[in-house]
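Number of protein chains: 4
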Amino acid sequence: MKVGFIGLGAMGSAMASNLLAAGHTLAVWNRSAGATEPLASLGAKVAKTADRAVQGEVLCSMLANDQAVREVFLDGGVLDAMDRGTVHVNHATISVALAQELAAEHGRRGLEYVAAPVFGRPDMAAAAKLNILVAGKPAAIERVRPLLEAMSSKLWPLGEAPERANVAKIAGNFMLAAAIESMAEATALTRAHGVSAAEFLDVMTSTLFAAPAYQGYGKLIAEQRFKPAGFALPLGYKDVGLALAAGEAQRVPLPFAGVLRDAMLEALAAGDAELDWSALALVAARRAHLDERE
Amino acid sequence: MKVGFIGLGAMGSAMASNLLAAGHTLAVWNRSAGATEPLASLGAKVAKTADRAVQGEVLCSMLANDQAVREVFLDGGVLDAMDRGTVHVNHATISVALAQELAAEHGRRGLEYVAAPVFGRPDMAAAAKLNILVAGKPAAIERVRPLLEAMSSKLWPLGEAPERANVAKIAGNFMLAAAIESMAEATALTRAHGVSAAEFLDVMTSTLFAAPAYQGYGKLIAEQRFKPAGFALPLGYKDVGLALAAGEAQRVPLPFAGVLRDAMLEALAAGDAELDWSALALVAARRAHLDERE
Amino acid sequence: MKVGFIGLGAMGSAMASNLLAAGHTLAVWNRSAGATEPLASLGAKVAKTADRAVQGEVLCSMLANDQAVREVFLDGGVLDAMDRGTVHVNHATISVALAQELAAEHGRRGLEYVAAPVFGRPDMAAAAKLNILVAGKPAAIERVRPLLEAMSSKLWPLGEAPERANVAKIAGNFMLAAAIESMAEATALTRAHGVSAAEFLDVMTSTLFAAPAYQGYGKLIAEQRFKPAGFALPLGYKDVGLALAAGEAQRVPLPFAGVLRDAMLEALAAGDAELDWSALALVAARRAHLDERE
Amino acid sequence: MKVGFIGLGAMGSAMASNLLAAGHTLAVWNRSAGATEPLASLGAKVAKTADRAVQGEVLCSMLANDQAVREVFLDGGVLDAMDRGTVHVNHATISVALAQELAAEHGRRGLEYVAAPVFGRPDMAAAAKLNILVAGKPAAIERVRPLLEAMSSKLWPLGEAPERANVAKIAGNFMLAAAIESMAEATALTRAHGVSAAEFLDVMTSTLFAAPAYQGYGKLIAEQRFKPAGFALPLGYKDVGLALAAGEAQRVPLPFAGVLRDAMLEALAAGDAELDWSALALVAARRAHLDERE
Numbered sequence: 097m098k099v100g101f102i103g104l105g106a107m108g109s110a111m112a113s114n115l116l117a118a119g120h121t122l123a124v125w126n127r128s129a130g131a132t133e134p135l136a137s138l139g140a141k142v143a144k145t146a147d148r149a150v151q152g153e154v155l156c157s158m159l160a161n162d163q164a165v166r167e168v169f170l171d172g173g174v175l176d177a178m179d180r181g182t183v184h185v186n187h188a189t190i191s192v193a194l195a196q197e198l199a200a201e202h203g204r205r206g207l208e209y210v211a212a213p214v215f216g217r218p219d220m221a222a223a224a225k226l227n228i229l230v231a232g233k234p235a236a237i238e239r240v241r242p243l244l245e246a247m248s249s250k251l252w253p254l255g256e257a258p259e260r261a262n263v264a265k266i267a268g269n270f271m272l273a274a275a276i277e278s279m280a281e282a283t284a285l286t287r288a289h290g291v292s293a294a295e296f297l298d299v300m301t302s303t304l305f306a307a308p309a310y311q312g313y314g315k316l317i318a319e320q321r322f323k324p325a326g327f328a329l330p331l332g333y334k335d336v337g338l339a340l341a342a343g344e345a346q347r348v349p350l351p352f353a354g355v356l357r358d359a360m361l362e363a364l365a366a367g368d369a370e371l372d373w374s375a376l377a378l379v380a381a382r383r384a385h386l387d388e389r390e
Numbered sequence: 097m098k099v100g101f102i103g104l105g106a107m108g109s110a111m112a113s114n115l116l117a118a119g120h121t122l123a124v125w126n127r128s129a130g131a132t133e134p135l136a137s138l139g140a141k142v143a144k145t146a147d148r149a150v151q152g153e154v155l156c157s158m159l160a161n162d163q164a165v166r167e168v169f170l171d172g173g174v175l176d177a178m179d180r181g182t183v184h185v186n187h188a189t190i191s192v193a194l195a196q197e198l199a200a201e202h203g204r205r206g207l208e209y210v211a212a213p214v215f216g217r218p219d220m221a222a223a224a225k226l227n228i229l230v231a232g233k234p235a236a237i238e239r240v241r242p243l244l245e246a247m248s249s250k251l252w253p254l255g256e257a258p259e260r261a262n263v264a265k266i267a268g269n270f271m272l273a274a275a276i277e278s279m280a281e282a283t284a285l286t287r288a289h290g291v292s293a294a295e296f297l298d299v300m301t302s303t304l305f306a307a308p309a310y311q312g313y314g315k316l317i318a319e320q321r322f323k324p325a326g327f328a329l330p331l332g333y334k335d336v337g338l339a340l341a342a343g344e345a346q347r348v349p350l351p352f353a354g355v356l357r358d359a360m361l362e363a364l365a366a367g368d369a370e371l372d373w374s375a376l377a378l379v380a381a382r383r384a385h386l387d388e389r390e
Numbered sequence: 097m098k099v100g101f102i103g104l105g106a107m108g109s110a111m112a113s114n115l116l117a118a119g120h121t122l123a124v125w126n127r128s129a130g131a132t133e134p135l136a137s138l139g140a141k142v143a144k145t146a147d148r149a150v151q152g153e154v155l156c157s158m159l160a161n162d163q164a165v166r167e168v169f170l171d172g173g174v175l176d177a178m179d180r181g182t183v184h185v186n187h188a189t190i191s192v193a194l195a196q197e198l199a200a201e202h203g204r205r206g207l208e209y210v211a212a213p214v215f216g217r218p219d220m221a222a223a224a225k226l227n228i229l230v231a232g233k234p235a236a237i238e239r240v241r242p243l244l245e246a247m248s249s250k251l252w253p254l255g256e257a258p259e260r261a262n263v264a265k266i267a268g269n270f271m272l273a274a275a276i277e278s279m280a281e282a283t284a285l286t287r288a289h290g291v292s293a294a295e296f297l298d299v300m301t302s303t304l305f306a307a308p309a310y311q312g313y314g315k316l317i318a319e320q321r322f323k324p325a326g327f328a329l330p331l332g333y334k335d336v337g338l339a340l341a342a343g344e345a346q347r348v349p350l351p352f353a354g355v356l357r358d359a360m361l362e363a364l365a366a367g368d369a370e371l372d373w374s375a376l377a378l379v380a381a382r383r384a385h386l387d388e389r390e
Numbered sequence: 097m098k099v100g101f102i103g104l105g106a107m108g109s110a111m112a113s114n115l116l117a118a119g120h121t122l123a124v125w126n127r128s129a130g131a132t133e134p135l136a137s138l139g140a141k142v143a144k145t146a147d148r149a150v151q152g153e154v155l156c157s158m159l160a161n162d163q164a165v166r167e168v169f170l171d172g173g174v175l176d177a178m179d180r181g182t183v184h185v186n187h188a189t190i191s192v193a194l195a196q197e198l199a200a201e202h203g204r205r206g207l208e209y210v211a212a213p214v215f216g217r218p219d220m221a222a223a224a225k226l227n228i229l230v231a232g233k234p235a236a237i238e239r240v241r242p243l244l245e246a247m248s249s250k251l252w253p254l255g256e257a258p259e260r261a262n263v264a265k266i267a268g269n270f271m272l273a274a275a276i277e278s279m280a281e282a283t284a285l286t287r288a289h290g291v292s293a294a295e296f297l298d299v300m301t302s303t304l305f306a307a308p309a310y311q312g313y314g315k316l317i318a319e320q321r322f323k324p325a326g327f328a329l330p331l332g333y334k335d336v337g338l339a340l341a342a343g344e345a346q347r348v349p350l351p352f353a354g355v356l357r358d359a360m361l362e363a364l365a366a367g368d369a370e371l372d373w374s375a376l377a378l379v380a381a382r383r384a385h386l387d388e389r390e
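Residue numbers (our numbering), protein chains in the order written: chain C, 97 to 390; chain E, 97 to 390; chain F, 97 to 390; chain V, 97 to 390.
One thing to keep in mind: the hints can contain errors.
Said to hold, decoys possible - Only pairs whose alpha carbons sit at most 25 Å apart, straight line, appear in this in silico BS3-like list of lysine-lysine:
hint, chain 1, residue 1, chain 2, residue 2
1, E, 315, E, 98
2, F, 250, V, 315
3, F, 141, F, 98
4, V, 250, E, 334
5, C, 315, E, 250
6, E, 315, E, 334
7, V, 334, V, 315
8, F, 141, C, 334
9, E, 250, E, 233
10, F, 315, F, 225
11, F, 141, F, 315
12, C, 225, C, 250
13, V, 144, V, 225
14, V, 250, F, 315
15, C, 98, C, 250
16, V, 250, V, 225
17, C, 250, E, 315
18, E, 144, E, 225
As the list claims (entries may be wrong) - In silico negatives: residues of chain F with every beta carbon more than 12 Å from chain E:
hint, residue
19, 105
20, 133
21, 193
22, 303
23, 315
24, 358
25, 359
Unchecked claim - Just so you have them, the derived chain V footprint on chain E, three or more residues with Cβ under 8 Å:
hint, region
26, 136–142
27, 238–250
Keep in mind the hints are simulated off the structure, nothing from the lab.
Backbone N, C-alpha and C define an ideal beta-carbon position, used for all residues, glycine too.
Model the full structure from these sequences, guided by the hints.
Printed below as a string of structure tokens:
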């Protein structure tokens, strides 16, 4: 299939590579030029501007946040370059509000819009083992299914309204943040009573919490290894903000999200912006002044 | 081995059964008499008073809370009936403070004290698949190891000071409560945006949160099936209270525990005391007045 | 002095009236036309468009929120109509970020910008008893002092950077919301123990809390009289949002603001948007299910 | 009147002095002996044991907390020393649960029990300007009215059930703590934006919050003068605990109290136990890492 791909961060690059590996023809674009080289060497055509990445009947994009998506797709001219009937597959974690706005704007232009946010880190993207949430018109999804399957271990259909995939992604990231904070507080408590984070989390992540989310972040917390960041605190803060905004839009109180917001702000105030979001464990430990005791 | 066993609720009965099945000789006691019958039919000797359940060199107990443990072991005469060197294996989820008090009192009397709180519900206890946290003197633990192994799939040694096992158990239950609340809030959010709890939790508990804690409670939340309670709200409230008390003792702030406390109080105020603690999902849904929308 | 005045809600109208009463010459404008009539009958010239309200050397504005200010002053043509050196006195409660943007934009155009947010309700505005926070260049403030004094019982100078007055106003409204919530929770507690809100608040607002904020809202809470709203819940929600945004901008965790946010969302979810923000007392009472007891 | 007085801390001593000054005959007792000397020099008889302080028809007590009250009145022999019909006036800030237990125990013994907790610091006690909440049987209150009036500027009758006065006192102290925290957060916010706590609180405590609670603690926060403590953090922590316990007893969620609990624990973890509870402002400032910026 001829496909355009916009946004080549760590995630986007790995996803685009898998499309190439599956035999698709890609035109790629990224804001900063360097990121395109590895893909060019794999056979991708490099577009000089975002609108020139449009080719064939599908355009995938994996941009960082609402602002980037807005600049490229609403303020920029990419949509103008797309032919009627073309499908835009948006993999970004964006707000529910922007998802609705994009769906409406694509509809007005006779373009198809599929929301396809992903769960998984760059290594899982590289291994084509992402979990992809998908929402959009069934016919549009069918057309892009071969692409989605080339990047994922499983697709999770969530209905027709694209924002349904986005709210699920946002709620899922909120659950991840909550899992981290619960380990942060629990280990502050056990440490204060003499049981190390490693001892405690070994039990929990081998038994009741034997799941990727807990095992991955639990290991970082047990080893106090917050650098380099797999998912940096400002990104986590952004995602908690998306949950709060989605709650605001539908008037849903989210007390855990409020606690997360404050803990993350406290981490950022401490200068921890480059740390992984599992560094919430540092915040919990500082509040208990644990380091002054041990 | 000749063993005494005190406390025959759903958990204690299943645990005692496994000791009988492993060939041990049991004398059992329970506050209310009826619970002893099934064990008697399996060959256990039924003691008329708690102190008469003391036999051989080990006494196991599985009582409901601090108050019950205090009444039987500190106010009652059970400790007087135990010979020096006897090991008391306490499986109850009790406070760190009481664990320390019990350890000291046993020490004064020349008795051994092993803390062995368990993770697992009655069905796992019946299947001898509990996870048991163990803390106490190594020699004492070695002596009771055959008993612990007869009830569990795995033992998790946590050192010599008994309260270390208790704080880990308390912190673990806090993590369970936090997992429930995070699903409660996340599903309130997705429901308000049109994605059902079942749709959303199917994704999450099959992927990042594919762990017993999330799968078990996630199913109850997806199906709104909070009755009969596997673990009733007042018990969960008690356990969050143990976490807060352990935090107070060592001056560890636990903001998630504060949120949990309020949500559970709200559930109790609503008259939900007989529901499973996963009914925190009802609280989150009520706060968003979801039922009035759907 | 010849003065333009934009924004004639309950507050703006009362403030403009006092300028007329003090002998100033006013040109007024309001989005919806009806509001201008009473002022016209007092001698104000009614402008057909916002830019035509610009006259003389001072323009005052009292608009509802960031969006209204942005539409009139940044997107609309009012600034183009102002001569260099003219002073814009902005009385609105707006975000710190917008205050900074406005100050910069005025500076670029050679206009003076004075932030002058007010404390006080419409009745105090009518009585010229507002407390006005003022920040801006001293010379500009001196020029508009006669106007400010005609509307207020006291001016509170807060330095040169305009946003300093805005952050103080935002922090002050946050304190008001916190005062309301503290009475809401305290009276839920006393009511549950049989002491009515009126009995309890009579003591508190006559002694330690004998201040306008507590006496005014305490009376509404004691009498459960939340309608008509003096300051409606959505406005309070907006102001708590301004505090959270100001905290985010400088990375200041505000746990009380998080609690307020959730309580207000819960009130809005309950359909209480037309009630006074002291209706937070209803939320606290509902969470404790007090009405089902009494 | 012949009166016994037990508990001569800063508050109790000042209150007892006023009884002497009003012409009453006092027998006094305090756990640590030194505190009795100043009162002895004013004419009080010093009792060697608590029960010997019992004289005449009224016994007043002003002890520190539940534990002290329990030790003296329930575990000690003071009640045995009181004649039937004697009135015990308990000024301490104690739990609702203990107030109920004491009322019942006094009733069983034919003793009268009046709860009379006070608002006011030692200087106000010395000036006989306390506000006293009073609950108990009307006849009993009438008998002790001359004593209460000799210590106070005003009595606040709250009905017959003694615990009504206690829950009001507890709720009032919760409101004080909330007022402090709201100033702590608000000033962290303004400071981060360049407006000092002194500048901001000067406005607020002169206008909307012109009340003793805000003016007194606002001054301490503005001047960062937390030592010597007027009311030390551990006492404030105890009082928030009484509010949480009263909420638990009647299932009333108190989210602000949860935030206060955590902030106070954080202060205690930081080693601030000797500071005034207005040092909550230090916690808010530390979370925002303000000192590293200024």
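Legend entry - Hint numbers contradicted by this structure: 1, 4, 8, 11, 13, 18, 24, 25, 26 and 27
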